[in-house]
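Engineer: These protein sequence lines are chains V and X, in that order.
For the first sequence, my numbering gives the first residue as 8, with consecutive numbering after it.
For the second sequence, my numbering gives the first residue as 23, with consecutive numbering after it.
No lab work stands behind these hints, which were simulated from the structure alone.
Certain hints may be false.
Stated by the list, open to error - Only pairs whose alpha carbons sit at most 16 Å apart, straight line, appear in this in silico EDC-like list of lysine to aspartate or glutamate:
(1) V:Lys67 - V:Glu375
(2) V:Lys399 - V:Asp196
(3) V:Lys101 - X:Asp102
(4) V:Lys173 - V:Asp109
(5) V:Lys67 - V:Asp400
(6) V:Lys386 - X:Asp97
(7) V:Lys101 - X:Asp97
(8) V:Lys220 - V:Asp232
(9) X:Lys141 - X:Asp102
(10) V:Lys103 - X:Asp79
(11) X:Lys118 - X:Asp102
(12) X:Lys84 - V:Asp232
(13) V:Lys338 - V:Glu355
(14) V:Lys399 - V:Asp109
(15) X:Lys96 - V:Glu379
(16) V:Lys415 - V:Asp196
(17) V:Lys254 - V:Asp196
(18) V:Lys64 - V:Asp400
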Amino acid sequence: MKLKKIAASIAAMAFAAGVVAKENDVGIFGTSGKGMGDHTFIQQDGAKADNIRAILKNVKMPAGFKIDLYAIVPDARDMTMAPQGTVLFVGTRKDKVWVVSDRDRDGVADEVKDFAPSLSFDVPNGVQFSKDGFLYVAERNHVRVFPAAEFFFEGPDVVAVDVVPKGELIPEGEESYNHTARVVDIGPDNKLYISLGQPYNVAPPEKLDLYKKTGIGGIIRMDRDGKNREVYTYGVRNSVGQDFHPKTGELWWTDNQVDGMGDDIPPGELNRQTKAGQHFGHPWFGGGKTRTNEYAKETPPAGIVHPAVSTTAHCADLGMAFYSGNQFPKKYKNAIFSAQHGSWNRTEPCGARVMVTFIDKDGKAKMEPFAEGWMNSNKEYDGRPMSITMMKDGSMLVSDDYAGAIYKISYVGS
Amino acid sequence: MIMPVRSTRSHTSVANHVKKTPAQAGVFYFLENKVPVNKLIIFFLSLCLSSVAIAADMANGKVLSAQCSACHGKDGLSRDPEAPNLAGLSALYIEKSLVDYQKGARHDRRMSLIAQGLKKSQIKDLSAWYSAFELTAKVPDI
């Protein structure tokens, strides 16, 4: 080795010696250990809770609204409040469904534990209670119902009934690791509506027949016992948020659009579906009216429905819910609250906020930011809002699978 | 010689070609193995600096990592079930992974897109940054 090179090495090392590695907070998903049989309990106070409360001070909302930490819930995704309003069930993209209780009824959760630890769950993202108290859980390739889960969650073992047996939601060969977070909702027709994201960035031609038949890249519906399954929606890329308009009963849903076409196209989508069997454009359209490169020369099917709202590209519009409560000012009645999870490869990051969409009497929709502040000045995420649900008192809950938390937004006026 | 990016544990790799480690053999290791003087200098420097990562531009890695943090976490601990923790991985492995995505030897819907946009120097900087994170693990008690 030449002396000059050694000198260069020494210089490089001396330069680097000034930079010391930062300590990590390894305990971010820390639990308080196990107790009461096999349940895992999540600690609700301490440094993590304090850090999250500090971040929430940066969140800006219209005057009169306040935001608080409701619960620490690891990987919190889709949420559903039990009919009595006592316990919140929370899905994840991992292997747990969490049960969040507010036993002392002070408006903040005091206990978070896993639901039915005797059972195994595989990407149980979608959770939905029926009005009569049945909890539906949609996993990657399985849908189950848990009768009276609001009362039976106390024990580690619960009654579970298959709605769609494991391996029958999609063909097993189509199981993938992306776009497999389902949402499930119950329509005004008392049927289950389940989103089935297609696994690709742009669905390839050789898969289209199979996907059309099975409802992959679509939304399917079925009776609550799993019978009479049919495809309700075609041309979806990956929807992780849907709800029914409280007045019209129409299904509105978000969709995540094609990556790799640049920062500004294609737009994200909020869609309005007015009847069964409508086609929303994927894979011929990558989002909005932007054609995908892969299908640029193909003729799209007739009658494509374009989005009600085209959103900023790559902000990742995910969970959504209509506001039907009475606590917020009147203008929010029947508006949509939706979460923008935030971009992952946009040069100028966008998202990490809660949006609100007002729909006028002609069905025309206009979206604007409602709560922002989870992206810090370094353009890093301090949180990533994922989904929305409403409480019985008209407050709104926002899940965040990055912070592992649920926030409560309420209107307190001036 | 260009020193590769080093994580906290990689200084032993200098002596990988012998059976006994320097720690086992003590000072006699260097006499017995006739290690050239310049390697000795590098080796002792590595020891002195063993608690820090060595990189030409780790600071740039930190800047670039803002984008990675969306999935892999600001602390290098992933919040996304599809994404691994990066904290404390060896620089070699991070670099190899990014190059594999770039060349198409490995494919992921997100990483294949991300890697396409990275220069070789940026890959080195990012690898230096994440490999310098210190991490402790708690092994399950069963």
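Engineer: All hints are to be evaluated individually against the structure, with a verdict given for each.
Structural biologist: Hint check:
Distance hint between V:Lys67 and V:Glu375 is fulfilled; the C-alpha atoms sit about 13 Å from each other, no more than 16 Å. About 22 Å separates the Cα atoms of V:Lys399 and V:Asp196, which puts this hinted pair outside 16 Å; it is violated. Distance hint between V:Lys101 and X:Asp102 is fulfilled; the C-alpha atoms sit about 9 Å from each other, no more than 16 Å. The suggested pairing of V:Lys173 with V:Asp109 is violated, with an alpha-carbon distance near 33 Å, which exceeds 16 Å.
For the proposed pair V:Lys67 and V:Asp400, the alpha carbon gap of about 22 Å is over 16 Å, so the pair is violated. A hinted pair counts as satisfied when its Cα atoms are at most 16 Å apart, and V:Lys386 with X:Asp97 qualifies at roughly 15 Å. The hinted pair formed by V:Lys101 and X:Asp97 fails the criterion: a straight-line CA distance of about 20 Å is larger than 16 Å. Between V:Lys220 and V:Asp232 the alpha-carbon distance is near 20 Å, which puts this suggested pair outside the 16 Å criterion.
Our distance criterion of 16 Å between C-alpha atoms is broken by X:Lys141 and X:Asp102, whose separation comes to about 25 Å. For the given pair, V:Lys103 sits about 40 Å from X:Asp79 by alpha-carbon distance, which is inconsistent with the 16 Å threshold. For the given pair, X:Lys118 sits about 21 Å from X:Asp102 by alpha-carbon distance, which is inconsistent with the 16 Å threshold. Among the hinted pairs, X:Lys84 with V:Asp232 is inconsistent with the structure: their alpha-carbon atoms are about 52 Å apart, more than 16 Å.
For a cut-off of 16 Å, the pair hint linking V:Lys338 to V:Glu355 is broken: about 32 Å separates their Cα positions. With a CA separation close to 13 Å, the supplied pair V:Lys399 and V:Asp109 stays within the 16 Å bound. Proposed proximity of X:Lys96 and V:Glu379 is contradicted: the alpha carbons are some 19 Å apart, above 16 Å. For the given pair, V:Lys415 sits about 30 Å from V:Asp196 by alpha-carbon distance, which is inconsistent with the 16 Å threshold.
Restraint check for V:Lys254 and V:Asp196: satisfied, since their Cα atoms lie roughly 13 Å apart, inside the 16 Å limit. Pair hint V:Lys64 plus V:Asp400 does not hold up; C-alpha atoms about 23 Å apart against a cutoff of 16 Å.
Taken one by one, the earlier hints fail for this structure at numbers 2, 4, 5, 7, 8, 9, 10, 11, 12, 13, 15, 16, 18, listed in ascending order.
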